[in-house]
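Visitor: Sequence:
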Amino acid sequence: MERPTLSNSWSRVARLTPTLRPHVVIKRQLFRGEPWFVVADPVSNMYFRLNPVDYHFFGLLDGERTVDDAWRMTLDRFADESPTQDEIIGLLGQFNQSNLIRVDLPPEAAQLLERQRNRRFKQWGGQAMNILFMRIPLVNPDRLLTWCLPVARPLLTRVGLVAWFLLMLYAAYRFVPHVGDFLRDTHSVLAPANWGWMIVLFIVTKAIHEFGHGIVCKRFGGVVPEIGLMLLVLFPAPFVDATSSWNFESKWHRLLVAAAGMLFELAVAAGAALLWLWCRDNRPESLMQQMAYNTVFLASITTILFNANPLIRFDGYYMLSDWLDVPNLYERATNELKWLVQRFGFGLKNVQPPTTMPAEHTTLVLYGITSGIYRVLLLAGIVMFVSTKLLVLGVLLGAWSMIGWAAVPLGKFLHWLFTSSTLHEHRARAIAVTTMVIGVISVLIGMLPVSEHLRASGVVEAANRADVAIQADGFVTEVRVRAGDHLEKGQIILIAHNRALIAKKQQLKGELRFLRSVERQSLSESPTEYPQHRERTQQIHKQLAHVQKQLDALILRSPMTGTLASGAIEEFQGQYVARGSVIGRIVDMGSLRVTALVDQLSDASALFRGSQDDLTVQIRTAGNARHDIDSRIEQVLESGRSELPHPALGHAGGGQIAIESSDAAGQTALTPHFEIWLELPDDGATRPIAYPGQRAFVRFTLPGKRPLLLQWGHRLQQLIRERVVF
6 MERPTLSNSW
16 SRVARLTPTL
26 RPHVVIKRQL
36 FRGEPWFVVA
46 DPVSNMYFRL
56 NPVDYHFFGL
66 LDGERTVDDA
76 WRMTLDRFAD
86 ESPTQDEIIG
96 LLGQFNQSNL
106 IRVDLPPEAA
116 QLLERQRNRR
126 FKQWGGQAMN
136 ILFMRIPLVN
146 PDRLLTWCLP
156 VARPLLTRVG
166 LVAWFLLMLY
176 AAYRFVPHVG
186 DFLRDTHSVL
196 APANWGWMIV
206 LFIVTKAIHE
216 FGHGIVCKRF
226 GGVVPEIGLM
236 LLVLFPAPFV
246 DATSSWNFES
256 KWHRLLVAAA
266 GMLFELAVAA
276 GAALLWLWCR
286 DNRPESLMQQ
296 MAYNTVFLAS
306 ITTILFNANP
316 LIRFDGYYML
326 SDWLDVPNLY
336 ERATNELKWL
346 VQRFGFGLKN
356 VQPPTTMPAE
366 HTTLVLYGIT
376 SGIYRVLLLA
386 GIVMFVSTKL
396 LVLGVLLGAW
406 SMIGWAAVPL
416 GKFLHWLFTS
426 STLHEHRARA
436 IAVTTMVIGV
446 ISVLIGMLPV
456 SEHLRASGVV
466 EAANRADVAI
476 QADGFVTEVR
486 VRAGDHLEKG
496 QIILIAHNRA
506 LIAKKQQLKG
516 ELRFLRSVER
526 QSLSESPTEY
536 PQHRERTQQI
546 HKQLAHVQKQ
556 LDALILRSPM
566 TGTLASGAIE
576 EFQGQYVARG
586 SVIGRIVDMG
596 SLRVTALVDQ
606 LSDASALFRG
616 SQDDLTVQIR
626 TAGNARHDID
636 SRIEQVLESG
646 RSELPHPALG
656 HAGGGQIAIE
666 SSDAAGQTAL
676 TPHFEIWLEL
686 PDDGATRPIA
696 YPGQRAFVRF
706 TLPGKRPLLL
716 QWGHRLQQLI
726 RERVVF
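Counting from 6, one number per residue, gives the positions in the sequence shown under this note's numbering.
Source of the hints: derived by calculation from the structure; they are not laboratory data. Take these hints with a grain of salt, some might be off.
Said to hold, decoys possible - Once the Cα atoms are required to be at most 30 angstroms apart in a straight line, the calculated DSS-like pairs of lysine-lysine come out as:
hint: 1; residue 1: LYS354; residue 2: LYS417
hint: 2; residue 1: LYS354; residue 2: LYS343
hint: 3; residue 1: LYS354; residue 2: LYS32
hint: 4; residue 1: LYS509; residue 2: LYS547
As the list claims (entries may be wrong) - If you anchor each label on the Cβ, the simulated ranges turn out as follows:
hint: 5; residue 1: GLN102; residue 2: VAL455; range: 45 to 53 angstroms
hint: 6; residue 1: VAL370; residue 2: ARG70; range: 33 to 41 angstroms
hint: 7; residue 1: ILE378; residue 2: ASP73; range: 41 to 49 angstroms
hint: 8; residue 1: PRO57; residue 2: VAL438; range: 34 to 42 angstroms
This one's a predicted model, so the numbers in the text were calculated from it and none came from an experiment. Glycine included, each C-beta is placed from N, C-alpha and C at the ideal position.
Construct the complete structure from the given sequences, taking the supplied hints into account.
Guide: Structure, rendered in structure tokens:
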């Protein structure tokens, strides 16, 4: 790639005689098998990576040799690998801004190199624009960590890592069989009464997380100069500055520092999981159990979803950066995308890419695109979540974030586009390309009609079905069928035994025999007493018939012809079953349908604004999401309902619909929904992949087409109206 060697600004720095400041530390590291040099400033805790050629150039700056002399000596030795004059000016500017070099600057050179005079002000300004992840430094924790290190050192060894691994295995062995019970209680986490405890435990667990980063960094010889609070979506969370780990020569040490927070937090989650299991058996429904549950939720799920995610700049990001040997992964990926636009979009030939290695080019492009998309989706998700709780705050967060993440960068780009000297020969092309891209995007989302879809969750049900309920108390002595068996009406399902009923029957029979003899005797000796004895005999007859009916009910029979849909019914063998207990359901597999729910406010208006015959309906069942099933609407229930047709649709059953926290059965939705019955055709391929109780995903294609911008606007309007109403 052709690079311009000379620069028009070179005369302003050529005669300078800079040198590195005495406090600067330089360490050699290997990245992808090649040597690099990390320049560290222990005072400001800033780090820069230099390749061997740049390191050679700075090594020649001894306070007497000029910049021009050092550059020419580097040019003589490394030829085409040497940095250009513009690159040297950029490096000198970065080092001067970071106070890494000592040099007497004339006014013209100071103006060239001092690009960030108000760096602290801009740093706070940048955090203000990024209000969802603002950092507030507080104190220096290095002395505290130095005091804690001797105590924690035995755990910060290979033996400690093995012990952590064994704890994880044991906790998983005990906890995994109860994951279903754990997930069924997730509604308790978001209960308003639990918010205060969640805030306290979140701060505590994240403090342990950050302590892990700090103590492991100290363990390997790093310094931790800063601890503070990070406003994570306006939620306070502690943080520590462990960036000195970037100076570690060992990649594995850097990885351990990045992973330490998650290791500490997962250890807390493991202990809390064991405590939760103990409380379930010994102190159910206690505050201790709820605190243990909250801790498991915070220290495991949130850690995995956020800290381990490499697409946002938390622990997973730094681990990926070290693993790939690509420092400053996000910044360099962003610069890579900028370079692609400038080089191939605007036609600039003098711009330099952030890397010259083909493999790293691919890594940076892929990461830049995926992380950019994820950041947009994350922002939208956060704003939507906050809006569901506090509408005004959600709107303000969304507006502020749009200013910081879209409006300000767009303003800077337009200023660069119309004023940058870099574009003086290519400005017309850059403006034309930018205008064309904006025009294409505007047409695609604002003018081009596209199909409008509405998605809903549903469950497979049988139109013809009957619950199998125990009709009398007893112990099951024989189970004659299994789940999935085809049953005929009246076929025996199980037989139960009740000694009390048998004893009651024998007792009543004895009383009946006695009363009959008394009745006969009174007929001959005391006719006036006969009616009284006759009435008593009839009462015993009725009681005996009732007991016999209960005994007959101990033989449970199928109420209809169909397939038995239940869990492992054979597990009832030897178990006590109470009257009214539903142990399964008989379904007619030839009458399967999908019952879908659509939101009464947000979705119903869009779904029913035209004829139902014009709707295109497609269904995908859980476990076979690649197979589309064409369907049609059979019936729409007229009014919105809060009662879910099946627990599988609610959060407690793994569905997507929020349920009332007070509903132990998990079948009362927070907001009313329309219930829609959809045909499930028997095409020979559908039946093997659809069964009662299976979740289904429904997509309605609405009649007519509208631009995406109008669709998004309508959805936003419906969402706001829904939040205001509810």
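Visitor: Now, for every hint given, state plainly whether the structure supports it.
Guide: A quick look at each hint next to the structure:
1. LYS354 / LYS417: holds (22 angstroms)
2. LYS354 / LYS343: With Cα atoms ~13 angstroms apart, LYS354 and LYS343 stay inside 30 angstroms; holds.
3. LYS354 / LYS32: violated (34 angstroms)
4. LYS509 / LYS547: Cα-Cα ~13 angstroms, so holds.
5. GLN102 / VAL455: 45 to 53 angstroms: holds (48 angstroms)
6. VAL370 / ARG70: 33 to 41 angstroms: holds (39 angstroms)
7. ILE378 / ASP73: 41 to 49 angstroms: holds (45 angstroms)
8. PRO57 / VAL438: 34 to 42 angstroms: holds (37 angstroms)
When each numbered hint is compared with the structure, a violation occurs for hint 3 only.
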